[in-house]
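Whenever a hint applies, use it, and build me the whole structure from the sequences.
Whatever position you read off the sequence shown (first residue = 1), add 10 for this note's numbering.
Just so you know, the hints here were simulated from the structure itself, not pulled from any lab data. Check each hint, because a few of them may be wrong.
Here are the simulated lysine to aspartate or glutamate pairs, EDC-like style, with alpha carbons at most 16 Å apart [as the list claims (entries may be wrong)]:
1. LYS73 <-> ASP63
2. LYS62 <-> GLU72
3. LYS79 <-> ASP102
4. LYS62 <-> GLU75
Simulated restraints, written as ranges between beta carbons of each label pair [what the hints assert, rightly or not]:
5. THR39 <-> ASP68: 46 to 54 Å
6. PHE119 <-> ILE45: 34 to 42 Å
7. VAL113 <-> THR78: 39 to 47 Å
8. ILE45 <-> ILE82: 15 to 23 Å
9. TYR40 <-> VAL116: 15 to 23 Å
10. ILE45 <-> ASP68: 25 to 33 Å
11. PRO123 <-> PHE55: 17 to 25 Å
12. THR120 <-> ALA41: 19 to 27 Å
13. ASN104 <-> ARG54: 41 to 49 Å
Quick caveat, the model's predicted, so the values are computed rather than measured. The C-beta atom is built at its ideal place from N, Cα and C for all residues, glycine as well.
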Amino acid sequence: MIQLVLTSVVLYVGSETAKIFLLPFEGNTYAIPGIAFVLVLLGRFVWNNGMKDINTSDNLLEKLELLTKIHIWRWVLVQLGTLILLAYTLVDSNFYYFIFALVNIVYFFTLRPKIFGLIGET
11 MIQLVLTSVV LYVGSETAKI FLLPFEGNTY AIPGIAFVLV LLGRFVWNNG MKDINTSDNL
71 LEKLELLTKI HIWRWVLVQL GTLILLAYTL VDSNFYYFIF ALVNIVYFFT LRPKIFGLIG
131 ET
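What follows is the structure, given as C-alpha cells:
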C-alpha cells in the first residue's frame, strides 16, 4: 500500500521541480522504465524457479513456506520498480514515469494469491 501513498505524494508534488539527480544522464527516459521492466521479469524468474522447487518438496509445510517466500520476493521486486518510477517522477517532474508506475501498480494487484489457482480449480 506504500505505492498508493507514494502515488498521492507524486500527484501533490509533481508540478514542482526537484533538485535531486539520481542517474544524471540523458538516457533516463528509457532506462528507468527499463529497470522497472527488468525487475518485473526478475520477479517472474524468481516465481518460476520457486515453483520448480515446490514440486520437488514432499512436505506440505515446506511447500507453503516456499510459496509464501516466492510471493513476497515477487511483490518486493515489483514494488521496487514502482518505487523507482515514482521517485523519478518526482525528480524529473516527468509524468511519463508516472504512467508506467500506474501500470506497475495495477500489475501488482493482479499478483495476489488466488485460492482456486492453488488447488487446481478455476
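Hints not upheld, ascending by number: 3, 6, 7, 10, 13
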